[in-house]
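Protein chains in written order, with the working numbering: chain C, 304 to 535; chain V, 93 to 319.
Simulated from the structure, these hints should not be mistaken for lab results. Hints should not be assumed to be uniformly reliable.
Distance condition first, Cα-Cα at most 20 Å in a straight line; then the derived SDA-like pairs of lysine to any residue [unchecked claim]: (1) V:K115 - C:R432; (2) V:K115 - C:T395; (3) C:K415 - V:T102; (4) V:K115 - C:V476; (5) C:K415 - C:V476; (6) C:K415 - C:P454; (7) V:K115 - C:L394; (8) V:K115 - C:K415; (9) V:K296 - V:D286; (10) V:K115 - C:M440; (11) V:K115 - C:A431; (12) V:K115 - V:S133; (13) V:K115 - C:D393; (14) V:K296 - V:I273; (15) V:K296 - V:V316; (16) C:K415 - C:M440; (17) V:K115 - C:P454; (18) C:K415 - V:T280; (19) V:K115 - V:L200.
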Amino acid sequence: MSASAISLRGIWKFFGEYPAVRDASLDIPAGGIVALLGRNGAGKTTILRMIAGLLRPSRGEVLIDGSPAGQQRHAASIGMVGHGQWLYDDLTARENLHFFARLYDLSSSSEKIDQWLEEVGLWTFRDARVHQFSRGMRQRLTIARALLHAPPILLLDEPWTSLDDRAMDLLSVLLLRARSENRTVVVSSHQLRETLQIAGHLAVIDRGRLIFDGPNRDEFREAPHNFYQRIT
Amino acid sequence: MTRFLRQTWTIAAKDLRTELRNKEALSAALSFTLVVILLFSFAFDPVSNVEVRELSGGLLWIAYIFAGILLLNRSFARESANDCLDALVASPLSGGALFLGKAVSSCLLLLVLEMASLPLFGVFYSVNWTQNFGTLLLVLVLGSWGFTVIGTLFSAVTANNRLRELMLPLLVFPMTLPALIACVQLTTVILTGDPLGDSVAWLKLLFGFDVIFTLLGAVLLESVLLA
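Chain V extracted, bound-state conformation:
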């Protein structure tokens, strides 16, 4: 188990280090998120129209999943330079550790992006996002993890595909739909200041989704890479 976790962290640390050095995906994804948040705020004017604030959860997650796709496109594409994916497949690294390492690094980058954009979102949508920050953070972590585990698996599937930038969202969005619906519902409830109440069921769904697809991805990745 220790070896598995060490391998997982080795992959995640390598990916984070290379991304923080060249900032290829992170800068594009962050710019995209900020532009989307800014443009939607002008389109809907949430300050004068209180009902629009109820859409804010959906708007936020639209920005996050499109930005997340930009991050996930690089996840396995990063390994295609110098055939580094071959090095990983030929090494004693387990498929599960490779999958989790990639998912951890992508999820951390997505969370950084989310944390960086929340203050701007609060300003433009007149939303007090700090009022239930603990619950909001839980939803962001569970939602981002669910999105990145699916995205990581399909990033491996499309890694050697010339049309991977097009293929990845087409494969990921339908698969993550249950998790995204849960995220939008929960985020809207949290941002409007309502109690969670029946929405706890969405939280359970999100948790179950994460567990199932994390296990599935860890088991399937090796077969995907050797297919």
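The following block holds chain C by itself, in its conformation from the complex:
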């Protein structure tokens, strides 16, 4: 039995001939915030998708609580904010959350849904269809959708995209709360300043290879603009 919440064991992922992830090994302990950093096309999203069970590694294995990822029993323990927002444009904000609450078998879902709509500032728009929402409002609803079933593992791919200052603060508060509730958070982002402020552990990917794996340091937080020069 592994002590890590998530373990990557020598994983490779090929898209055709192209290796998007090359021999990556990483142990993510339970109850911390891990930042997955790297330039565009480094392989961050591919790794998150393999952890979520949306892609199978070409080689190696991804373990969740010691057993291979992608099993149905892991699905309820993972919440994900992906590039696509996983929302239905023709349903209202509330209907979207109801739909996902039913998929995750949530009891007393109406109360939870109302709480989350309030929390992400969409209560006034609860009965508006999602196609009327701005990008930022969609992203807030996406965050509510990912957290609705209180998953022990949160996978966030560029979660700050399109959020205004207030919503960015809200997300940081939610992530710090998740950490205090002992949830495991893996966040991939280009937004170094925000990510370095909250992450306890860093993993840096460069062209599919893991080039840095270690704890976050104050020097990184203080000078995020120099981050990539310091670690390479």
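Given the structure of chain C, go ahead and fit chain V onto it with the hints provided.
Just chain V, lined up with the frame of chain C:
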């Protein structure tokens, strides 16, 4: 089992709700069916030529399967906006429940379309479609279900394909051929007012086809989506 059925209905209800709101596929499919029925009635003039009425079962199913393809094209394509298919794959939803939910919603929409077009068909082809309505309804339900289970599976296969509108009929029509032949034979017998007699064998074939491909689709869908 209760959880499985609840998940199935959750998917079907979501699909029906979104379709009834935007009517993207239903309005196109219904218009197509009505135009085909109308055009064939002018081409063959079934009122003055009684033998043409024996073709009516085939004409009816030609209209239904092409209209059905329009509905099925949207089945999984509906999930491609905002990457919603990823949300379903990443959730605790079983592949079987997703498959059945999609098939139920498509089949119900196809049946609505069939019920809406039958009165017009009766008028233009001088056919008394109400005389054996119970048997006709049974054939429509079994035929539509067989067609939609195959179509739902291939809709998942072609969901991320740029040529899905072209690919889907090419994959679905050959696979559904045994069921379609059974449907045409049975519908013609029912509409001409003849007793079912030996045609009961077609009914059995249709039932067997539905059972086999429903089970196959429910088992295969998860592998198809993760392939």
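Inset, instruction - Would you mind confirming whether the straight-line C-alpha gap from C:K415 to V:T102 stays at or under 20 Å? - result: Holds, at roughly 18 Å.
Inset, instruction - Take a quick look at whether C:K415 and C:M440 sit within 20 Å of each other, Cα to Cα. - result: OK: C:K415 and C:M440 at ~19 Å, within 20 Å.
Inset, instruction - Compare the distance between the alpha carbons of C:K415 and V:T280 with 20 Å, and conclude whether the hinted pair is satisfied. - result: violated, 55 Å
Legend entry - Restraint check for V:K296 with V:V316, where alpha carbons must lie at most 20 Å apart: Measuring from Cα to Cα gives roughly 29 Å; hence the hint is violated.
Legend entry - Given hint V:L200 paired with V:K115 - CA-CA distance at most 20 Å: Holds. V:K115 to V:L200 sits at ~14 Å (cutoff 20 Å).
Inset, instruction - For the pair supplied as a hint, V:K115 and V:S133, confirm whether the alpha-carbon distance does not exceed 20 Å. - result: violated, 27 Å
Inset, instruction - Could you grab the alpha-carbon distance between V:K115 and C:R432 and see if it respects the 20 Å cut-off? - result: holds, 15 Å
Legend entry - Given pair status - V:I273, V:K296, alpha carbons within 20 Å: OK: V:K296 and V:I273 at ~13 Å, within 20 Å.
Inset, instruction - Decide if the proposed pair is consistent with the structure: V:K115 and C:L394, CA atoms, cutoff 20 Å inclusive. - result: holds, 14 Å
Legend entry - Distance restraint between V:K115 and C:P454, which requires alpha-carbon spacing of 20 Å or less: Roughly 35 Å separates the two Cα atoms, so the pair is violated.
Legend entry - 20 Å Cα cutoff - pair V:K296, V:D286: Judged against 20 Å, a Cα distance of about 18 Å means the pair holds.
Inset, instruction - Below or equal to 20 Å on CA atoms is what counts here, so check V:K115 against C:M440. - result: Given that 20 Å is the threshold and the Cα spacing comes to 26 Å, the pair is violated.
Checked against the numbered hints above, the structure violates hints 4, 8, 10, 12, 15, 17 and 18; every other hint is satisfied.
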